[in-house]
Amino acid sequence: MYNRILIANRGEIALRIIRTCKELGIETVAIFSEADRGASWLDLVTEKYCVGGPRSADSYLKIDQIISAAEIGNVEAVHPGYGFLAENSHFNEVCRDCNIDFIGPSPEAMHKLGDKNTARGMARASKVPVVPGSDGLIETEADAVRVANEIGYPVLIKATAGGGGKGMRVAGNDLALKSALQQATTEAAAAFGNASVYLEKYIEHPRHVEVQVLADQHGSVVHLWERDCSTQRRHQKLIEESPGPTLSKTVRKSICDAAVRMIQNAKYHNAGTVEFIVDRENNFYFIEVNARIQVEHPVSEMVTGIDLVEQQIRVASGEKLAFRQKDIRCEGVAIECRINAEDATRNFMPCPGRIESICIPGGMGVRFDTHVHAGYDVPPYYDSMIGKLIVHRPTRAEAIATMIRALEELRIKGIPTTAEFQIKVLQHKDFVEGKVDTKWVERTRL
Amino acid sequence: MYNRILIANRGEIALRIIRTCKELGIETVAIFSEADRGASWLDLVTEKYCVGGPRSADSYLKIDQIISAAEIGNVEAVHPGYGFLAENSHFNEVCRDCNIDFIGPSPEAMHKLGDKNTARGMARASKVPVVPGSDGLIETEADAVRVANEIGYPVLIKATAGGGGKGMRVAGNDLALKSALQQATTEAAAAFGNASVYLEKYIEHPRHVEVQVLADQHGSVVHLWERDCSTQRRHQKLIEESPGPTLSKTVRKSICDAAVRMIQNAKYHNAGTVEFIVDRENNFYFIEVNARIQVEHPVSEMVTGIDLVEQQIRVASGEKLAFRQKDIRCEGVAIECRINAEDATRNFMPCPGRIESICIPGGMGVRFDTHVHAGYDVPPYYDSMIGKLIVHRPTRAEAIATMIRALEELRIKGIPTTAEFQIKVLQHKDFVEGKVDTKWVERTRL
Amino acid sequence: MPSEKPEGVRTSDVDVFDIQRVRQLVELMKEHELSEIDLRQEDRRIRVRSGPGNAFLAAPVMTPAAVAAPGHPAHAASGESIAPPHDENVTLIKSPMVGTFYSGPKPGEPPYVKVGDNVQADTIICIIEAMKMFNEIPAGVAGKIVGTVARNEEPVDVGRPLFRILAD
Amino acid sequence: MPSEKPEGVRTSDVDVFDIQRVRQLVELMKEHELSEIDLRQEDRRIRVRSGPGNAFLAAPVMTPAAVAAPGHPAHAASGESIAPPHDENVTLIKSPMVGTFYSGPKPGEPPYVKVGDNVQADTIICIIEAMKMFNEIPAGVAGKIVGTVARNEEPVDVGRPLFRILAD
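Protein chains in written order, with the working numbering: chain D, 1 to 446; chain Z, 1 to 446; chain E, 1 to 168; chain R, 1 to 168.
None of these hints come from the bench; they were simulated from the model.
Ideal Cβ placement from N, Cα and C applies to all residues, glycine included.
Possibly wrong hints are sitting among the right ones.
To be verified - Heads up, simulated DSSO-like pairs for lysine-lysine below, C-alpha to C-alpha not over 27 Å straight-line:
| id | chain 1 | residue 1 | chain 2 | residue 2 |
| --- | --- | --- | --- | --- |
| 1 | D | Lys439 | D | Lys253 |
| 2 | Z | Lys439 | Z | Lys413 |
| 3 | R | Lys132 | R | Lys106 |
| 4 | Z | Lys413 | D | Lys326 |
| 5 | D | Lys201 | D | Lys424 |
| 6 | D | Lys413 | Z | Lys326 |
Claimed, not checked - Not close to chain R: a few residues of chain D, all C-beta gaps over 12 Å, as computed:
| id | residue |
| --- | --- |
| 7 | Val51 |
| 8 | Ser59 |
| 9 | Lys62 |
| 10 | Cys98 |
| 11 | Glu187 |
| 12 | Ser196 |
| 13 | Glu310 |
| 14 | Glu442 |
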């Protein structure tokens with residue numbers, strides 16, 4: 001086990017890691033930017049070093065400065081948290097070169113899974129379903145029609161050079177496909193100077209379901225069940241829960257098993273998340289692997305009772321997992337709301353500023369992970385998340401009721417937050433009935 | 001189920017009750033004193049009425065004002081919380097006369113158990129051991145010696161009119177008893193103008209163990225296991241935990257069964273606590289019944305997963321308990337620290353005043369129930385408790401580690417609190433080894 | 001000469017109570033978030049401390065809106081009581097208890113007092129019903145009723161303003 | 001004459017109520033993250049404290065003691081940098097990186113610079129070792145070294161004061 005680790009992050013997740021380290025008796029070395037000088041979580045560490053200016057590029061992304069801090073801080077390992085350098089395989093490698101353990105997967109595994117195509121290939125090899133499509137580019141119209149009929153309509157036409165929806169078209173039948181193909185290639189050529197497109201099955205109203213996996217360096221891999229993160233806006237998650245409210249027992253087992261298979265074949269260790277989209281018929285398709293601890297990890301901690309950050313540290317230090325799959329329970333229902341300093345009424349515009357006052361929710365089944373307090377200035381340089389409100393109750397109905405009253409208790413003066421918006425979502429019939437998909441927020445007027 | 005209840009209390013417990021009511025969709029009517037006007041928990045209620053001046057006697061104890069508020073507030077029931085009128089059987093009766101449910105036992109049961117001698121008698125009748133002693137007064141020296149040899153030395157001589165230790169003596173043998181009897185009677189006569197004394201077995205280094213009981217109005221009684229509250233100063237509890245760290249499986253069962261027997265025979269319903277002292281040989285003796293919800297109820301909530309305030313409301317409204325004894329689990333270990341605005345270095349002198357700033361602990365397994373926040377003025381009129389820090393972890397060692405780090409996270413500026421003192425206790429070998437008795441704090445230098 | 005030093009007056013001439021000076025100091029504190037400035041010289045001293053910035057309690061407390069509870073019109077109206085009296089001698093007669101306010105002895109009957117009436121300290125000005133008891137409330141002070149605050153049959157609590165009176 | 005003024009004057013002439021001086025002190029505090037300046041002489045005293053109303057952020061932040069982390073002597077010593085410069089032109093040379101500070105080229109060898117030395121902007125004044133690299137640090141400004149802050153072989157981080165220099 002480690003005596004001393006460096007936390008290469010800030011805010012909520014830095015505090016989260018400090019908490020577990022204190023409980024394990026591990027000394028902590030913090031890095032901080034000029035903007036975070038004197039931040040309250042820094043009071044709790046053993047040592048701290050300023051690594052540069054307020055902008056991430058000048059501090060939390062400055063690999064050389066962070067490594068220097070790790071060296072003069074004399075740490076045995078680095079915990080990257082999420083964001084910043086968490087999935088930077090170069091940083092991961094530099095740590096290894098300096099004989100500092102990176103609390104996460106090996107650089108190789110991280111690199112492999114970081115590349116979407118390699119990951120997609122590994123999924124196939126692990127018999128994990130991926131969204132069916134034309135393996136490769138579409139050469140001719142006939143080609144497109146053949147593939148479309150293989151994978152079944154509706155299909156999505158995507159430009160290889162694509163991005164931002166440009167050169168994207170949905171087609172429901174052969175006829176529509178032909179004209180859509182026409183438009184897509186033209187648009188792609190115009191937009192990216194590259195007309196090549198490929199086909200993919202179009203999944204309507206997909207839900208976002210991800211499986212939390214934990215693997216040690218001795219070949220043991222387990223899952224901590226799934227999280228449903230369908231309540232999102234532009235791929236930014238707003239509410240997460242576990243277990244997934246819509247999965248049948250059998251689907252649930254097979255999606256979790258699929259995730260474990262994939263992680264096993266990737267020779268991946270430490271904590272990781274395998275993300276899927278699930279269609280209305282509960283068919284699931286692999287999207288990507290997140291090779292880090294995730295923001296929403298607490299919902300899995302609540303239902304399993306397992307401290308994920310503790311496990312990350314233990315397996316990174318070479319320990320074997322102390323439990324088997326059958327020991328991992330999934331009890332009750334946990335929901336998390338990300339509290340962001342954003343104005344939901346103005347398209348979720350980030351609103352940094354001073355928190356004049358804050359009333360923090362408490363009571364039975366409530367956990368609020370935050371680094372903020374009355375008098376704290378939310379800096380404009382970083383993520384707008386100021387806290388994570390998590391509830392854990394025996395049933396989903398109780399969990400929703402507890403979350404709503406906790407959100408009502410959370411009274412913040414000085415800056416707007418997403419709390420009111422989340423109350424509206426939680427009170428909505430669609431959410432209560434588990435009918436929210438990843439596009440729901442954008443299409444629903446609350 | 002009720003639509004609307006009045007909360008005849010303030011601060012932490014008022015907020016605690018409001019939380020459960022909101023989750024159950026029950027409207028709340030608050031009463032408050034001039035000193036609490038505008039307090040933050042009052043923002044969360046449906047209606048609120050000022051019932052008088054800052055001093056408890058002028059407001060929170062003013063039965064007529066509170067009943068008036070209940071009537072114009074048009075509530076169906078009153079929750080008294082703890083302290084103030086919680087165990088006032090007259091208030092209980094007035095509520096009934098006004099057709100307002102009192103969320104607690106019947107006035108009769110409350111009255112019976114409120115009288116120590118009646119309660120002691122009921123315990124005997126229920127075959128629940130009480131501290132052996134002379135049933136009645138000691139007439140002669142010979143009388144004393146006989147009784148002492150029956151119940152066994154050491155014995156405690158107590159003045160019937162006694163109080164504050166006056167007229168109290170401990171004797172270890174016949175000789176000591178005779179002289180002690182002499183002194184005690186003289187002292188009692190001088191102090192209370194009443195020389196009569198009685199004998200009781202003296203329990204050395206007792207632990208305080210209490211059993212949480214829950215009874216509906218249909219004859220069903222269950223226990224929610226025990227709490228060990230031995231860490232106290234002058235009968236004021238500082239740290240409570242469940243399960244009791246020193247009880248054998250069999251003792252545990254028999255003490256819980258004893259409590260249930262007693263409550264059954266008392267025709268008691270709603271939540272209640274049966275208090276015992278336990279000697280070093282794990283013999284337990286009944287002390288008294290607390291006919292109310294207790295400050296330390298959350299530790300039982302954590303290990304059982306049962307919301308006690310919700311159950312109080314349900315059974316008061318006539319519902320049957322939805323679970324049986326065998327359904328009530330006791331999982332992991334829960335510890336509570338009462339955070340008081342007191343200066344532990346100055347004999348726990350209460351220190352009301354303004355909370356300039358506060359950092360509230362969070363993270364896995366941590367619950368902090370508080371009504372305070374930065375800018376809150378702790379009024380000098382009421383209890384000095386400003387919050388309850390509760391942790392719930394799989395093992396006692398983990399629970400202690402989590403509690404220590406949470407206490408370290410709790411940084412309050414403006415007033416002193418007991419947190420630092422509690423850290424010292426939790427780190428002490430005796431506490432870790434479960435060797436703390438009710439006199440430990442007074443005799444231990446930390 | 002003293003005049004050469006801009007602020008350089010001899011100390012004996014320094015006016016510690018010069019508002020301009022204090023204002024400048026306060027601006028300085030505001031600008032730099034100081035909690036205290038403490039200047040002493042001989043028998044003179046200027047000490048400025050920044051007050052508790054946290055308006056948290058104040059905010060919900062002070063505004064009538066916050067005091068007003070849903071479905072409880074009484075407090076809503078109590079904005080009234082906040083209006084400054086137009087005369088030093090105008091004071092508020094406040095409710096001594098929780099209950100229902102009645103302006104007159106019986107439904108339909110005229111109120112005990114109306115604006116303009118002169119009352120003695122023992123003049124009954126209203127009834128507050130609590131626990132089926134009809135409590136006759138005396139003015140408590142002699143003078144002229146200059147305003148009514150509470151409305152007939154509305155619930156009132158302790159300290160709730162009932163009337164405005166111009167004391168003799 | 002102006003040259004006589006700011007701090008150079010005889011105490012008897014000092015007017016502690018000079019807003020300009022207080023402002024200078026405050027700017028000084030900002031520059032050096034002080035939490036308090038307390039100047040006394042004879043019967044005179046100027047005391048300035050920093051820290052927002054909500055002190056607990058400020059307190060740990062501003063006071064060097066709090067900034068200093070256990071087992072991290074660097075900051076502890078930075079109390080040094082608190083001493084107000086005796087001249088407007090005295091500035092701090094701060095560390096541009098995280099690493100170990102070496103005053104001289106090799107162990108045992110004399111330091112690159114000592115108090116009283118005149119340096120050019122490109123004069124090497126110390127080495128900071130980071131990731132096995134020995135980075136030679138230039139003064140960055142021409143002038144006379146009037147104070148050393150960092151100690152040989154101590155860890156430093158970004159913005160950590162190394163020397164005080166009287167710029168030409």
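Outcome of the hint check:
1. The straight-line distance between the Cα atoms of D/Lys439 and D/Lys253 is roughly 26 Å, inside the 27 Å bound, and the hint therefore holds.
2. A C-alpha spacing of about 31 Å is found between Z/Lys439 and Z/Lys413, which places the hinted pair above 27 Å, so the restraint is violated.
3. Distance restraint check for R/Lys132 and R/Lys106: the Cα-Cα separation of roughly 14 Å lies within the 27 Å cut-off, and the hinted pair is therefore satisfied.
4. A threshold of 27 Å between alpha carbons decides the hint, and for Z/Lys413 with D/Lys326 the separation of about 47 Å lies outside it, so the pair is violated.
5. At roughly 33 Å between alpha-carbon atoms, D/Lys201 and D/Lys424 are farther apart than 27 Å, so this suggested pair is violated.
6. Between D/Lys413 and Z/Lys326, the direct Cα distance comes to roughly 47 Å. Violation of the 27 Å bound is thereby established for this hinted pair.
7. The claim that D/Val51 is not at the interface with chain R is violated, since a C-beta of that chain comes within 12 Å of its own (minimum 6 Å).
8. A cut-off of 12 Å between C-beta atoms contradicts the statement that D/Ser59 is not in contact with chain R; the least separation is 8 Å.
9. A cut-off of 12 Å between C-beta atoms contradicts the statement that D/Lys62 is not in contact with chain R; the least separation is 9 Å.
10. Residue-level check failed: D/Cys98 sits 7 Å from the nearest beta carbon of chain R, not beyond 12 Å.
11. Against the 12 Å criterion, D/Glu187 stays outside the reach of chain R, whose nearest CB is about 47 Å from its own CB.
12. Non-interface status of D/Ser196 relative to chain R is upheld: no Cβ of that chain comes within 12 Å, the nearest being about 44 Å off.
13. With a minimum CB-CB distance of about 23 Å to chain R, D/Glu310 clears the 12 Å threshold, and the non-interface call stands.
14. At roughly 38 Å, the least C-beta separation between D/Glu442 and chain R is larger than 12 Å, which holds for a residue marked as non-interface.
Figure legend: structure checked against the earlier numbered hints; hints not met, in rising order: 2, 4, 5, 6, 7, 8, 9, 10.
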